[in-house]
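No gaps in the numbering here: position 269 of the sequence shown is 268 in numbering that gives the first Met the number 0, and each next residue is one more.
Misleading hints may appear alongside valid ones.
Said to hold, decoys possible - Across the chosen pairs, the derived CB separations fall in these ranges:
{"id": "1", "residue 1": "195", "residue 2": "263", "range": "48 to 54 angstroms"}
{"id": "2", "residue 1": "54", "residue 2": "383", "range": "15 to 21 angstroms"}
{"id": "3", "residue 1": "243", "residue 2": "212", "range": "17 to 23 angstroms"}
{"id": "4", "residue 1": "81", "residue 2": "236", "range": "26 to 32 angstroms"}
{"id": "5", "residue 1": "241", "residue 2": "139", "range": "32 to 38 angstroms"}
{"id": "6", "residue 1": "361", "residue 2": "54", "range": "31 to 37 angstroms"}
{"id": "7", "residue 1": "383", "residue 2": "237", "range": "16 to 22 angstroms"}
{"id": "8", "residue 1": "201", "residue 2": "126", "range": "19 to 25 angstroms"}
{"id": "9", "residue 1": "54", "residue 2": "330", "range": "32 to 38 angstroms"}
Source of the hints: derived by calculation from the structure; they are not laboratory data. C-beta atoms are modelled at their ideal positions from N, C-alpha and C, and glycine is treated no differently.
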Amino acid sequence: MTPTPPVAASIAAEAAPSAITLTGVTKTYSATSPAALHGVNLDILPGTSTAIVGPSGSGKSTILRIIAGLEDANGGQVRLAGRDVTALLPEDRGIAMVFQNPLLFPHLTVLDNVAFADRAAGVNRREARERAREHLELVHMTEFGGRSPHSLSGGQQQRVAVARALAAKPSVLLLDEPFSALDPGLKDDMHAMIAEIRAALNPTILFVTHDRDEASAMAERIVVLDNGELLQHDTVDHVFHRPASLAVARLLGGKNAFAGTIENGVHRSALGDVALHGDVASGPATLVFRHEAVTSTLRQPASGADAAAPATRHADAAACQRFGPRELLGIVTSSVQRGPRREVIVRVADADVHTEAAPGHPLALGDLVTVSLPCEALWAVPQR
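All chains, please: the whole structure from these sequences, using the hints.
Printed below as a string of structure tokens:
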């Protein structure tokens, strides 16, 4: 069989209906409470994995429950593969959902938990169990088929819950923070398991998480919600490094934001004059960049003037292309070890810049340092 050319496959994917489409979805729980969702519009492509992130109460789980049919929207439409399912019961939508609590049937063995969907559909026990074994193999739980759920660890129970969901052959797999109670090592194992499942079955996955690292590990796209409003739906890289707003940057853990004005491709703020990459509109804007993308290294001042007056280098826009990273001189005001990384706050002119110490450069309070700002790390968002 001749493989489908990448370009043709891409065109086919674009021509196919979205796996999930939300149009103007609104949810209000009472007349006196704020809306849980405000006219949310969302398209999820088939075979993709998408994370929904946002603070508690932002509407993340509400979106999943409305897609699954566990809650009714007050307005708007839900479509799955182009089919309007807004008024359908959960069991008629072809969706499976895994929760933080695995919700396994305690009176059934692991194997029969996974075989449950087929048995409910009228498949004979032998065939249902054969299919169940295949799904247990996917989650590396084959040898536990004869065990009862209560004899399993939390991580093992979640593996079985995922296998049971997949055995139902859903068009969409919804995950509502199923790994949030697991320790970091088990979480990493679960992320690897989901990657294997995606490689084997290519399911459409939409999941909720509070963990930014989990979102970037499991998804290629991220939806950012706040107060029931969809702020951005984009690739992982763009959401982190090209946020649509200051709110998105903050929700994704961004710590550097400097209000100012753009003129001729140069952002002017308390940080000084910093050139931006590419074509940018002039006017009020906030400069944002990730602290992980910025490094600080110890600098020996060449002169007293150099030490006394931290300044910017390469401030014109063209220099961004010619010379690479801009350099700022500043003084270390905070240095904190966070696991294998050291987060450093540097005072530059009248601004505090959150950075990371370069490997092999231990920094102490009061050190004079060079802060390197890569052109590609800088981004400007509307000033609101």
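Hint by hint, here is what the structure shows:
1. 195 to 263: 48 to 54 angstroms: holds (50 angstroms)
2. 54 to 383: 15 to 21 angstroms: holds (18 angstroms)
3. 243 to 212: 17 to 23 angstroms: With Cβ atoms ~21 angstroms apart, the hint holds.
4. 81 to 236: 26 to 32 angstroms: Given about 29 angstroms between the Cβ atoms, the range holds.
5. 241 to 139: 32 to 38 angstroms: For residue 139 against residue 241, whose Cβ atoms are near 37 angstroms apart, the range 32 to 38 angstroms holds.
6. 361 to 54: 31 to 37 angstroms: 35 angstroms Cβ-Cβ, so the 31 to 37 angstroms window holds.
7. 383 to 237: 16 to 22 angstroms: holds (19 angstroms)
8. 201 to 126: 19 to 25 angstroms: Because 24 angstroms falls inside the window, the suggested range holds.
9. 54 to 330: 32 to 38 angstroms: holds (34 angstroms)
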